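Engineer: Order-wise, the sequence lines are chains B and L.
Each residue of the first sequence is one higher than the last, beginning at 4 in our numbering.
Each residue of the second sequence is one higher than the last, beginning at 4 in our numbering.
Worth flagging that the hints you see were computed from the coordinates, not collected in a lab.
No experiment lies behind these values; they were computed from the predicted model shown.
Mixed in with the good hints there might be a few duds.
Where chain B lies over chain L, by a calculated footprint (3+ residues, C-beta under 8 Å) [what the hints assert, rightly or not]:
1. 46-59
2. 142-154
3. 192-202
4. 221-229
5. 282-294
6. 297-303
7. 352-361
To give an idea of the interface, some chain B residues facing chain L are shown, with a C-beta separation under 10 Å as derived from the structure [as the list claims (entries may be wrong)]:
8. G175
9. E178
10. H179
11. Y181
12. P201
13. G284
14. A288
15. T346
16. R393
Glycine included, C-beta positions come from ideal geometry on N, C-alpha and C.
2 protein chains.
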Amino acid sequence: MNAEIIAVGSELLTPYRIDTNSLYLTAQLNQLGIRVLHKAVVGDAPDEMSSSFRHALDRAELVVSSGGLGPTDDDRTRQTVAELLGRKLRTNDEILAGIRERFRRYGRAMPEINARQALVPDGAIVLPNPRGSAPGLWLETNGRIVVLLPGPPNELEGMFEEQVQPRLAKLGQREHLYTRDLRISGLPESEVEQRVRPLYSVYPDIDTTILAAPGGIQLHPRIWSEDARIAEKLLDEIVQRMALALGEHLYSTQGESLEEVVGRVLTENRATIAVAESCTGGMLAERLTNISGSSVYFLGGVVCYSNNLKAAFVDVPPEIIETKGAVSSEVALALADGIRRRTGATVGVGITGIAGPGGGTPEKPVGTVHIGIADERGPRARGFHFLGDRDRIRLQATQTALDMVRRYFLFPSHGRA
Amino acid sequence: MNAEIIAVGSELLTPYRIDTNSLYLTAQLNQLGIRVLHKAVVGDAPDEMSSSFRHALDRAELVVSSGGLGPTDDDRTRQTVAELLGRKLRTNDEILAGIRERFRRYGRAMPEINARQALVPDGAIVLPNPRGSAPGLWLETNGRIVVLLPGPPNELEGMFEEQVQPRLAKLGQREHLYTRDLRISGLPESEVEQRVRPLYSVYPDIDTTILAAPGGIQLHPRIWSEDARIAEKLLDEIVQRMALALGEHLYSTQGESLEEVVGRVLTENRATIAVAESCTGGMLAERLTNISGSSVYFLGGVVCYSNNLKAAFVDVPPEIIETKGAVSSEVALALADGIRRRTGATVGVGITGIAGPGGGTPEKPVGTVHIGIADERGPRARGFHFLGDRDRIRLQATQTALDMVRRYFLFPSHGRA
């Protein structure tokens, strides 16, 4: 079965807002074995909307829309679809009573304008909305299905799971989608692509999406199949061969974030960690602690922007800063070693660098970052030169630091050399 | 002039990737006085793509597409549009030589498959692409314009600015778009909506988009007008009335982030700040330091997850933790006061709370957060109960802390009371 998704709302045609409901809907539909062939965004102009729904019904067996079910003049999805399908709209007394009751619960009288939300096209199934006042609608016409959902994500998602998913599941698709989620660190997108591209022709039935996300590169091999066993076997094979091609740059085959993997590795090694950051300003600590349960292995961190605090918080000797500069491998080593000693952590990490846009010099341009790691055998450091704006430089610095910690535990012969 | 944007790429029909080029294109087109009436996303199936372009040409005077100009079999935008418009494709020798030269510069021979990128439909204007191998195309047909741009954002944006913007600017639109960007903190979206909604009918020509972004609520009043003076005057008026309705919750009328505003306020007051965080794990320091130049006012911070470090880093008396618990207003006060004393900052901020999902109790459920602010006259604290997942709770905690700092300086009679 093929589907088209239509997002209704003139705010989605501004530079400020993007339709993200379609990502949720696509994931759900794919899981049911339904492919999404087309997505559209339209405003509230009736002609535009009507044209979108008409073309969608020409192309797809299932049309799912979000938005435009509210009570105002701008909410025209219900009317537009009813007219397009030649169905009369009639007030459904049960819905009307429900909406009135909803307002009464909040201590308000229902504005008359909301009565519009109780209009139901002939032959439509009403999809109750316990999370809002706009009910959804399920219509069938000439073997095609049209599902109208409300725009607010929590209402849309709740209604899909409770009302739409079970109805679509009953249709029983022949083919289903099988997928994997690989995460890579330390390689640019083009290099990842070059390494895995030869596999595409070996597995022509597998489509692979590559995604350069802020936290690293992601690979999503996907296959539509009638046979789960065959699909899983092919995916296992391609993942195995991708793993060989990517080596230790591959940090997860299950869609984990790097901070999740680092947390797991630390836990498995009964190790603790503490961090001392300068240019990343707390981002490394923030990433480590956005994993629930991180208090088991994360002891704490300091953000020492000023040179005074580098000495006061983690005992960086002022003479090192004077002779080598605050951005130097020596200071990275001292930060890592100092925070380790102060906290008693198994591993200390230190970051110092120039995130820009100001502060660069010819010898130490913006993007220069030194990262140190210290354990009981002493610290070591590496220097980097990251490209991009302040945000990107800080993100790459923390990503690299996390990856150094991961490799330190997983490939001790490299990391501890 | 009305436009439709088409994003081409089967990866944009997966749950992993979203078309963000259209946000950039919408902003650019709006600035030129061109309205976007419809957006579409299609895969690489020729029928689907052809149908999308056909319908777009029926509806809009300008069709801008992104993607599908690469060298592979899946890149079919060029062919599809040429066929739809009945134009022959011919190899353009100059483009071909340019692509060959580009590969030579990288020390590689051009794969024969790339010759496809030198195909140009009859009558098309070639848009050079100095950032990649795929040139863009500008076609005119029956008074309509079709612009084909490459998918990678840096190539698309560079080509738009250099090749498309000047050509479209020459068309000279009668109406232009005028807009404002208001930022609000400390009110839920529904409350913001309720306060400003009465203004909508007073200014019927102004469309206002409300956006609940992670960093607070945004309001974007927009007006299309032939007269800049009238438009700006109306916007000034509605902004003034919105400001009255929103009171001190409005923190910017120029689209600044809260951390930018706090940075400005600290700089204006020649004040410095330091932070001691528990549940937010470094996010507050990270946000304060993602502003370039923040080293002027941000001295440093500590992330003290463990109770030991709360004592070691900022002298939180262990007996307070024992009697009141680590999540208490007393500990928030001690954190704020301790970090202020340790760093010598004008203002110290302390945050302690339960970000979840674990760690909640009936008396102190997940989402309980205490925030303290200390200055030379001593500390004060407020308790909050935030809803949502770990990420949302941490984000709201830092947002609230930043807002408390802003109000502390701007409305001393409230904050210091």
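Engineer: Are the hints correct? Go through all of them and say.
Structural biologist: How the hints compare with the structure:
no., hint, result
1, 46-59, "holds (count 6)"
2, 142-154, "violated (count 0)"
3, 192-202, "violated (count 0)"
4, 221-229, "holds (count 3)"
5, 282-294, "holds (count 10)"
6, 297-303, "holds (count 5)"
7, 352-361, "holds (count 4)"
8, G175, "22 Å, violated"
9, E178, "16 Å, violated"
10, H179, "15 Å, violated"
11, Y181, "13 Å, violated"
12, P201, "14 Å, violated"
13, G284, "3 Å, holds"
14, A288, "3 Å, holds"
15, T346, "6 Å, holds"
16, R393, "6 Å, holds"
The structure does not agree with the numbered hints 2, 3, 8, 9, 10, 11, 12 stated previously, though it agrees with the rest.
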